[in-house]
Amino acid sequence: MIRSENLVKSYGEKVVLNNVSLNLPKGKMIAFIGANGAGKSTLISLMSRIVPKTEGCVYVDNKELQQWNNNELSKRISILKQSNHLNIRLTVRELISFGRFPYSKGRLTKKDNEIIDKALSFLSLDNIQHRNIDELSGGQRQMAYIAMIIAQDTEYVFLDEPLNNLDMRHSVQIMKGLRKLVDEMNKTIMVVIHDINFIAYYSDYIIAMKDGKVVSQGYTDEIITKEVLKEIYGMDIDVQSVNGKPICLYYN
Amino acid sequence: MPRYAMEVIKKHKKTIAIAAFFTFVLLLTGSLFLFQGLTTKNAYFFFPRRLSKIAAVLLVGYCVSYSSVTFQTITNNRLLTPSIMGFDALYLFIQTVIVMFSGQKKIAMMSGYTNFFVSVFVMIICSFGLFLILFRGREKNIYFLLLTGTVIGSLFGGLSSFMQVLLDPHEFSILQNKMFASFNNVNQNLLQVSAILVAVTMLLTVRDNPYLDVVSLGQEHAVNLGVNYRRVVLKNLMVTAVLVSISTALVGPITFLGILVVSITRKVTTTYKHTARIAMAFLTSSTLLVSAMYLTERVFKFSAPISVLINFAGGIYFIYLILKERKA
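Protein chains in written order, with the working numbering: chain A, 1 to 252; chain B, 1 to 328.
The hints are simulated quantities; they were obtained by calculation from the structure and are not laboratory data.
Simulated DEER-style distance windows between Cβ atoms:
| id | chain 1 | residue 1 | chain 2 | residue 2 | range |
| --- | --- | --- | --- | --- | --- |
| 1 | A | S83 | B | M100 | 45 to 53 angstroms |
| 2 | B | K267 | A | N164 | 27 to 35 angstroms |
| 3 | A | K110 | B | A304 | 52 to 60 angstroms |
| 4 | B | R207 | A | A35 | 45 to 53 angstroms |
| 5 | A | S121 | B | I9 | 19 to 27 angstroms |
| 6 | B | M202 | A | K110 | 26 to 34 angstroms |
| 7 | B | T23 | A | K176 | 47 to 55 angstroms |
| 8 | B | I9 | A | G244 | 53 to 61 angstroms |
This one's a predicted model, so the numbers in the text were calculated from it and none came from an experiment. Glycine included, every Cβ here is placed at the ideal spot set by N, Cα and C.
Okay, chain A solo, but in the shape it has when bound (with noise of 0.2 angstroms):
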């Protein structure tokens, strides 16, 4: 389980995340969503120490950050960020190989490439493999280094707004993958997405931040609701059910 304690991250003067207490539950799909500027990627990236938080604690698995060696916690949790640039020249192949590094070192072994294969076709990107990282689109980019953590296998899964740059179809594909990974293998995700209803529509649990803070926390259905929406982003937000499933116009 990760469990953050007043965690407080600022920048000099300014504070962008304020005394954040969570207990996030295990086994779920959970959603962070606010207004840009939040901290929302601020939290998950204190969280999954990509980013060292200025006071307060973070525990995984009822342990601090600091006492976990960093070679065993990247294999508890691992982290996928909006932008990435690389400066050498890379396979999808030997991209998704670097989420082995925590286990082999960097010398791959038999199951390591079993397990590569598998994110490879996961993600349906086969007939790609071999193709530089450098030549393919946006979308197939990411959903490269969507496999690279998915090959990484951990149990717990940060992911800062996946759908960037994909399509309809894509990210469709990825977050039925992820769906999949929280059904079938009991992963926990954490995702940041900006797309509402995707989050309505695919996670269990949703995080509402706002100024730095966690405003309210609950379940998909507590969460996507007229008033909850309006006090996060100060819209009016006509919230429908269709087949189940909460729909947010938020278009006037």
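Use these hints to put chain B onto chain A, whose structure you have.
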């Protein structure tokens, strides 16, 4: 995994061919340099001297290659080489200070152990101090460090220009010998000491290559994959400082070679693996240096310094690259 093995060979065919070509040129110019004009009468005199020059070239080639390739990895930038940290400027500053203040013993001070150890020691202390002071804060990033290095480098550059103006022409001519890289006056004993120091850094870094491979994905990916990013970067900066200091103190300002070698390596290698990239860079720099040394000594009879030749070849290569890129 024969399936992958075939792919690997197919993918790296070009690299393997170019490596074979470089090896051929290296062996050709190397043996020409070693054996041309050798007779049974003069061999006892020339051969050991030529051999130690080749050894110096290989040593410096390794220092420049390792430091340039890994420096680009840790800075995540294709254009930077360790020369941006101002090592050459600091070296020239140390030499200028020595000439200015060593009085009667100038010539003795300019060569030999004292100069070598003073230069290496001061350069290493300065860079370690800079790294430890600037890289310790939690929010500091490596560009802050580089920028400071650049500023300090130009400070030393300015100071040495100022002091050089105050020198009399005789003193300046002594200093001038130190301002260009040269493999001619490499001291046999210093070469051994340097080789030992470099061997120690090789032992210390022998397991680092897979970690550097991960660091080349960028800081966030490296941390995510469980690499202690700051430790890898700091260690690498320190090793770079040691290697650059040794090679500079041994043969003079040589970091100009880095950008050329690392660009050629990037152009001709298709792998991201540091083991292969460092080996290729080493092969490239040795080939360049040995050929340039052969040309300087035997063809141009010392009328052009080795750095002029290498920069000339490098300049042509870069113009070729620009023209080719423009067409594509």
